[in-house]
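Undergrad: We have chain A; now place chain B onto it with these hints.
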Amino acid sequence: MDFFIVQILTGLSNAAALFLVASGLSIIFGVTRVVNFSHGSFYMLGAFIAYSLMTVLPGFIGFWASILLAGVAVGVIGLIVELGVLRPIYKSPELFQLVATFGVILVIQDLALLIWGPDDLIGQRAPGFEGVVKIGDQLLPSYDLVLIFLSFLVLGGLWFLFNKTRVGILVRAATQDREMVGALGVNQSWLFSGVFFLGSALAGIGGAAQLPKGGADLLMDFNILAPVFVVVVIGGMGSIPGAFVAALLISELNVFGVQFLPQSTLVLMFVVMAVVLIFRPWGLFGRPEIVGSHGSQGPPEAPLRAFSGRLWLALAAAVIALTAVPFFGGTFLQVLLADVIIACLFATSLHFILGLGGLVSFGHAATFGGGAYAAALLVQFSGASMELAMLFAPFAAGLLALVIGWFCVRLSGVYFAMLTLAFAQVVWSVAFQWGEVTGGDDGILGIWPSAWASGTTAYYYLVLTVGLSGIATLLFMAYTPFGYALRGGRDSALRSEAIGINVRLVQWSAFIFAGFMSGLAGALFVFAKGSIFPTELEIARSFDALIIVFLGGVQSLFGPLAGGVVFTLLQDWLSRFEYWRLFLGLMIIGIVILLPNGLVGVGQWLRGRFGGPSNKLEEAQEEAG
Amino acid sequence: MLELERINTFYGRAHILHDLSLSVSDGEVVALLGRNGAGKSTTLKSIMRLVGAQSGRITYGGQDITALPAHRIAKLGMGYVPEERRIFTDLTILENLEVGRQPPRQGAPDWTPEKLFELFPNLEERRNNLGGAMSGGEQQMLTIARTLMGNPKFLLLDEPSEGLAPVIVEQVAFTIRELKKLGLTILLSEQNLHFAKLVADRAYIIERGAVQYDGTIEELERDEAVRNAYLSV
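So the sequence lines, in the order shown, correspond to chains A and B. Here the first sequence is numbered in our numbering, starting from 1 and rising by one per residue. Here the second sequence is numbered in our numbering, starting from 1001 and rising by one per residue.
Heads up, some of the hints might be wrong.
Stretch by stretch, here's where chain A covers chain B in the computed footprint (C-beta under 8 angstroms, at least three residues) [as the list claims (entries may be wrong)]:
1. 1065-1071
2. 1095-1102
3. 1173-1183
On the chain A side, residues computed to face chain B include the following (Cβ under 10 angstroms) [to be verified]:
4. S142
5. N163
6. L170
7. R172
8. G185
9. S193
10. A274
11. G443
Simulated from the structure, these hints should not be mistaken for laboratory data. The C-beta atom is built at its ideal place from N, Cα and C for all residues, glycine as well.
For reference, chain A alone in the conformation it holds in the complex:
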């Protein structure tokens, strides 16, 4: 009995940080409709800032003041992000905001590395709460009780704020209809900034308060992101009680899971999420998003144009040039170009669901790494040949996409994004934790191509043939009836349903097909490198594909190719600098704000400026007329 009480209390105290971060994320989303992906970074900053403050402010008062001040400091940082990064793009499509907050993650990662260094920091114990309390014959750190108290305090405080104060009532009203609140004379800018401050401060306090338990390290941002997304998906986006209940549920499951099924802790969390989503797709306390009620979709996309003769010529020239590379280019260039082609295939497969289907996946690495691992495992355990492994990998990745997609296509918009990210984290954690099979952190080594393809030039031609075929298939699919149905579902799900298209089935099929192609890219990757590590499944890898698509321009079919070339070369160049994430992050933010149509958009802008049609709509009209 005592054992259970202690376990329950431990779970409650673990829930504190999760609840604080998740409720902050929920509050910000409710009013601004922005899913702040950098919320995990705010949590991390809270821990680091509190650590530094505690070294300056001594004693009992100093400890608690540090936690509070860290919250305020992170709130101010959140405010800066809101004003500097998000305010200019509130009217842009969701993807832009998500990508911009990812830029913020990169910037904060490197700034934290710059300021606090790479080593894990061990948190100071809380003065007055260093000891343990005895419950029967069981021991519980007394600080756990503090954390439990803190989460109830925050829950009560938020309840009071939202139900008993004018600001809280305005926030709730704005969550439902912010334009109407504006028409009633309330300046929304203040509300936006206010909730950003509050939400960020909560994340900061969450990070600071767990310092005596978990310390501060540079992985905290991504580590909390998946559980937090699981919590808001289970609890229902925008619901504080939902965040509380779900944080509790997940933490208790973890605590008891460790006792009874130690291998299953990470998976358990996602099983619960899956079960909740089957019965309540909008979470326990959430409500369905009314499609189009927030009007953040931007103007409708122009139809795709048929390939012109000039385009065919340009493509043929590009293929001939790539084929000729080994005759004049050295090994380095061939390896680099193989990387570029693999990145392009990976990104084009994402663009297929994102650009054509409107499904913003934040977990595309799951199928890329999934395909790579499938190929590597087949070689490792059955000694299969490269050819067989490369054939097997896309099907394995497609199967993975089939499972993940079944859950995800039930949701749309930011929910879809969060869910895909969460599932990708499951795949990552399996690869990371299941050491006997996947080698865990050490990865799988020695996965080399067959003898005939083992030379640099031979493998380059293999990548060129397979990669370009994959890309061509993806592009071709855009012009098939299936591609039309996919685009129809993106532009209007209701109208598509009305003319007899099963939108969900089309989206699911597209998700599987994109997974298949992404898995193929993964297979090409693993034999190019000779090894595979869990890093290929990380959030950062999913974001690589997103950034490529984004760089190239979401609305352009050739965007991922342009983006893939630029991004791979840029990364190759930037990664020579120690703080390359900082540059990349700043660049992403700059592009989101200044070049909303991506590189292809810049090309169109230039053409418009120096003669010729200026934008896609006009071009489409000209084509039609």
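TA: Chain B in isolation, oriented as in the chain A frame:
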């Protein structure tokens, strides 16, 4: 008090209002009449800048408000009652009123929930009910009451009689006349000429985004040709 000079408004590429001009004087009740889709709601939304007019000028009390954001226009004493009502369904009636509350304003009645409950007795007993749990008629009362909490001098009412039972329509008409007595200036859009006759001094008829007719309500009553051309279905 309110002047619209040759405004043009677009939804995306669709050109809705074409060089539309109109004016409302202090203390008047003016009706915008016209069929569905004529541009009545868009006119009111353009005034409130919920959709921006791309050209033309809107002045209110002598001040150019064409480019002001909606909340600034509301702060100048312009109250907007939307056609879709847009009640905050998750908030109670009292909380809905609180969202609309603004400081007292010189030259406008000073509203409190208690005073509004005298005007809309149905709302009082349900003050702690959720906005989403109310009937259409009650929601229409609440949306007017919520806007009045901002103590406006000028009221924009978008189709106040739409979809309501006849007895509620009478009540809305009574309310509008009461507000006129209190000195409010009102511009309302309406498809129902009968309702307009109950409340308005003057009317504009809008068709295809432009003013087609302008006169007093009595003149319009006498002019059967105009009524047949623009208002009969």
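Undergrad: Hint by hint, note whether the structure agrees.
TA: A quick look at each hint next to the structure:
no., hint, in the structure
1, 1065-1071, "holds (count 3)"
2, 1095-1102, "holds (count 7)"
3, 1173-1183, "violated (count 0)"
4, S142, "violated, 39 angstroms"
5, N163, "holds, 9 angstroms"
6, L170, "holds, 6 angstroms"
7, R172, "holds, 6 angstroms"
8, G185, "holds, 3 angstroms"
9, S193, "violated, 14 angstroms"
10, A274, "violated, 28 angstroms"
11, G443, "violated, 49 angstroms"
Of the numbered hints stated above, those contradicted by the structure are hints 3, 4, 9, 10 and 11, listed in ascending order.
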